[in-house]
Amino acid sequence: MSALYVVVLLVLLFSGVPVAASLLIVSIGGILAAGVPLSILGQRIAFGIDSFTLIAIPMFLLMGNLMNASGVTQRIFDFSVAMVGHWRAGLAQVNIIGSLIFSGMSGSALADAAGLGTVEIRAMTLKGYSPAFAAAITAASATIGPVIPPSTVAVLYAFIADVSIGRMFLAGVVPGLIMVFALMVLVHWRGKSLDLPTYVRASWAERGRATWKALPALVVPIGLIGGMRTGIFTATEVAAVGALYALLLAAVYWKTTDKKEMIGAFRETALSTGGIMIIVAAANVFAWILTRERIPQGVAESVIAFNLDPITLLLVLNVLILLLGMILDASAILILVTPVVMPAVLAVGIDPVHFGMVLILNMMIGLLTPPVGMALFIVSNIAKAPIATVARETMPYIIAFLAVLLLITFVPQLVLWLPDLVYGPAKL
Amino acid sequence: MALRLLKTVQAALGRAEELVAMTLVVALMVVVNLQIFARYIFHHPFIWPEEVSRLLLVWMTFIGAAALTRRGADLAVDTFIEMLPHGGRRVLLIIRDALLVVVFTIIALQGFELAKAVNGMPLVATGWPTAMLAWPVIAGAVLTVFHCVIRLIDGFANPSVEVPHTPKVLT
Numbered sequence: 031m032s033a034l035y036v037v038v039l040l041v042l043l044f045s046g047v048p049v050a051a052s053l054l055i056v057s058i059g060g061i062l063a064a065g066v067p068l069s070i071l072g073q074r075i076a077f078g079i080d081s082f083t084l085i086a087i088p089m090f091l092l093m094g095n096l097m098n099a100s101g102v103t104q105r106i107f108d109f110s111v112a113m114v115g116h117w118r119a120g121l122a123q124v125n126i127i128g129s130l131i132f133s134g135m136s137g138s139a140l141a142d143a144a145g146l147g148t149v150e151i152r153a154m155t156l157k158g159y160s161p162a163f164a165a166a167i168t169a170a171s172a173t174i175g176p177v178i179p180p181s182t183v184a185v186l187y188a189f190i191a192d193v194s195i196g197r198m199f200l201a202g203v204v205p206g207l208i209m210v211f212a213l214m215v216l217v218h219w220r221g222k223s224l225d226l227p228t229y230v231r232a233s234w235a236e237r238g239r240a241t242w243k244a245l246p247a248l249v250v251p252i253g254l255i256g257g258m259r260t261g262i263f264t265a266t267e268v269a270a271v272g273a274l275y276a277l278l279l280a281a282v283y284w285k286t287t288d289k290k291e292m293i294g295a296f297r298e299t300a301l302s303t304g305g306i307m308i309i310v311a312a313a314n315v316f317a318w319i320l321t322r323e324r325i326p327q328g329v330a331e332s333v334i335a336f337n338l339d340p341i342t343l344l345l346v347l348n349v350l351i352l353l354l355g356m357i358l359d360a361s362a363i364l365i366l367v368t369p370v371v372m373p374a375v376l377a378v379g380i381d382p383v384h385f386g387m388v389l390i391l392n393m394m395i396g397l398l399t400p401p402v403g404m405a406l407f408i409v410s411n412i413a414k415a416p417i418a419t420v421a422r423e424t425m426p427y428i429i430a431f432l433a434v435l436l437l438i439t440f441v442p443q444l445v446l447w448l449p450d451l452v453y454g455p456a457k458l
Numbered sequence: 349m350a351l352r353l354l355k356t357v358q359a360a361l362g363r364a365e366e367l368v369a370m371t372l373v374v375a376l377m378v379v380v381n382l383q384i385f386a387r388y389i390f391h392h393p394f395i396w397p398e399e400v401s402r403l404l405l406v407w408m409t410f411i412g413a414a415a416l417t418r419r420g421a422d423l424a425v426d427t428f429i430e431m432l433p434h435g436g437r438r439v440l441l442i443i444r445d446a447l448l449v450v451v452f453t454i455i456a457l458q459g460f461e462l463a464k465a466v467n468g469m470p471l472v473a474t475g476w477p478t479a480m481l482a483w484p485v486i487a488g489a490v491l492t493v494f495h496c497v498i499r500l501i502d503g504f505a506n507p508s509v510e511v512p513h514t515p516k517v518l519t
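If you read the protein sequences in the order shown, they are chains A and B.
The numbering of the first sequence is our numbering, which starts it at 31 and goes up by one.
The numbering of the second sequence is our numbering, which starts it at 349 and goes up by one.
Next up, chain B with everything else stripped away, as it sits in the complex:
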């Protein structure tokens, strides 16, 4: 029951991540084009779009990566685990998720350290806090850890269920 609730929360969170990442893609397209319009049409270049677009990319990366983790579609070598029987594959995928939890917990903590270290430092063009570059790292890492923890609980509760692990990313 509690697991069902958690999985509902996870699915909603996953949809939210994808929605946010998609919105960032739209924003990125708009901001870069705005800069071009400002330069050639209004002959009045802004200085902020470059900085904002870089921020958008960093946010898009870490939120998008978390969404990919939920889908089990992060880029990985699947050749060998695909050859294993269900039991062996399950063990490796559980180890994978456990490693992801450890790594991204460390990343989240170091993201906090970074945010603290650059506290009070403004970005050059916008004057926004430099910590805005650290926040997506923290957000993405925390979300990734959340997805992996749910998957681990689910994996232990339902041993017969396949853990998602198919890369679908475009090259």
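Extracted from the complex, chain A is given alone in its bound form:
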């Protein structure tokens, strides 16, 4: 019976039925088959998202969208140019550093690719970089966003896996920096053969000015993490404060935003929230079927029966999620996969925070892989370059990220060291 649910779900998904509706169809079937009153549907769907924690998702999305609309992207870009523009393959390095900074105030890779990406790709093509090269590095660096805190997928994972959002956020810092380092080395190395143009080294006075202009944005990550760690704010509150800060920065302090873009930021937030949260609501009905059919327990039991060690299990899951990432949206994967595999992950003694970060990094690679690499679509559109060419240019970065994924799979300390340092060792 459990196999039937999975098959029907996959058929529905592949036929283009929206994820939420697919989950609901299978759930309705399951509820009817179990002879349980359908009223469980209403309760689960309405109460499943009645959570203060989940409010952090629209608030982080809003902060990122407002920051994008505020013109902060140009300031971050100028700051990065002043710092690393004179390096080999200067604008590509600027692109990476810019994404790193922006990721500290945005929880979404695609908001990064669409916002900062537009500025970066325009500047790179003007300076003589090929559009495909510019698009590829923009897409790759944008995927660092959800690994580095704040991150909406980390909030979603923390909610589903029942781990601390603070730990989950800090767990992404070291892997995110390793991704940045890997990209920078790769770009440096490619810059040798491609003879890419650079900027003149900025003077310290220019650097000072650029830093001052970008300062209101540069302090955001410190405020977010500090606010949560000191216990002044919950994650949801810190996100709401961040959103208000971005709004005030854009509308009152910088006064750079046009009204249309500002309204667009709110619309984008509302629609994105609807798209993700309706799946969370539907998945809460589906979870009832999973539990009733003992599917997660079944997975855990077979993992134990096969005597899988943590590393092997993580590798198997990595391959599975990479394949899913090629066809399915990242948050949908997270919502579908986490509840099914969580008991197995815990049973073999994997730290759920470690698993969460492996999952998130893996899903970000999915944003870069065709056919459904959403980041690829966005940057190809901006750069007006064929998606196949951009996909080819992205390959070296995907390989680098796969190496980082393997590294954090094998060395959990890279993920857990910082959260353990700040919050103390996890109590499992």
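Note that these hints are calculated values from the structure, not bench results.
Glycine included, each C-beta is placed from N, C-alpha and C at the ideal position.
Take the hints with a grain of salt, since some may be wrong.
Claimed, not checked - In the DSBU-like style, the derived pairs of lysine-lysine whose C-alpha atoms are separated by at most 35 Å in a straight line are:
1. A:Lys414 x B:Lys355
2. B:Lys355 x A:Lys290
3. A:Lys222 x A:Lys285
4. A:Lys414 x A:Lys289
5. A:Lys285 x A:Lys157
6. A:Lys243 x A:Lys414
7. A:Lys157 x A:Lys414
8. A:Lys289 x B:Lys464
9. A:Lys243 x A:Lys285
What the hints assert, rightly or not - Away from chain A, derived, C-beta distances all over 12 Å, residues of chain B:
10. Ala414
11. Pro433
12. Phe494
Position chain B relative to chain A; hints supplied.
This is chain B only, laid out in the frame that chain A set:
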């Protein structure tokens, strides 16, 4: 003629949904921040903002999801239907919309059942009816059904028109 009118109504409704969802985003930001101000600036924490903000999230979700359905931008796997010729894609998208109509009709009905079941039960902090959690489910489901029905009629009336099905949601 009648179809044109229906589509005008649908477009207006879609704009209204988006406007409502956006207003809810603003309200959510204000309410959560108000709670923080009350706690740290006025040293007088309120008990209602948490409950109200959760209500706002539930409303935002179901209204926003209905607006997404109108745009044909709900999260879905499009890889395989994109590979199909126009005719095959049209058939699958019509089946999709028909399924959505059935599913969300059931959801709307169960939303009503839920509203009836919790009738008279107040929420803890605000004392508002608990049914306020069921209403957005009903509203969102009814709107979704409406959009899908219009799309189905339109799809049958104009076989050459592409049905919207591109996800644009940010991750």
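* Would the least Cβ to Cβ distance between B:Ala414 and chain A come out above 12 Å? -> The assertion about B:Ala414 is violated, with a minimum of 8 Å to chain A.
* To do: Given the hint that A:Lys157 pairs with A:Lys414, test it: the Cα-Cα distance must not exceed 35 Å.
  => 16 Å, holds
* **Hinted pair A:Lys289 and B:Lys464, Cα distance within 35 Å** => Violated, because 43 Å separates the two Cα atoms, which is more than 35 Å.
* Satisfaction of hint between A:Lys285 and A:Lys243, Cα-Cα up to 35 Å -> 14 Å, holds
* Asked: Between A:Lys222 and A:Lys285, is the straight-line Cα distance small enough, at 35 Å or below?
  -> Violated, because 41 Å separates the two Cα atoms, which is more than 35 Å.
* Is B:Lys355 close enough to A:Lys290, meaning Cα to Cα at most 35 Å? -> 25 Å, holds
* Interface-negative label, B:Pro433 against chain A, beta-carbon threshold 12 Å -> 14 Å, holds
* Regarding the assertion that B:Phe494 does not contact chain A, is the least Cβ-Cβ distance greater than 12 Å? -> The claim stands: B:Phe494 keeps its Cβ more than 12 Å from every Cβ of chain A (closest is about 15 Å).
* Asked: Is it true that the CA of A:Lys285 sits at most 35 Å from the CA of A:Lys157?
  -> 29 Å, holds
* To do: With a cut-off of 35 Å on the C-alpha distance, tell me whether A:Lys414 and A:Lys289 pass.
  => 27 Å, holds
* Does A:Lys243 pair with A:Lys414 here, judged by a C-alpha cut-off of 35 Å? -> Since the Cα atoms of A:Lys243 and A:Lys414 sit roughly 31 Å apart, the hinted pair holds (cutoff 35 Å).
* Asked: Are the Cα atoms of A:Lys414 and B:Lys355 separated by 35 Å or less?
  -> 33 Å, holds
Hint violations for this structure: numbers 3, 8, 10, all remaining hints satisfied.
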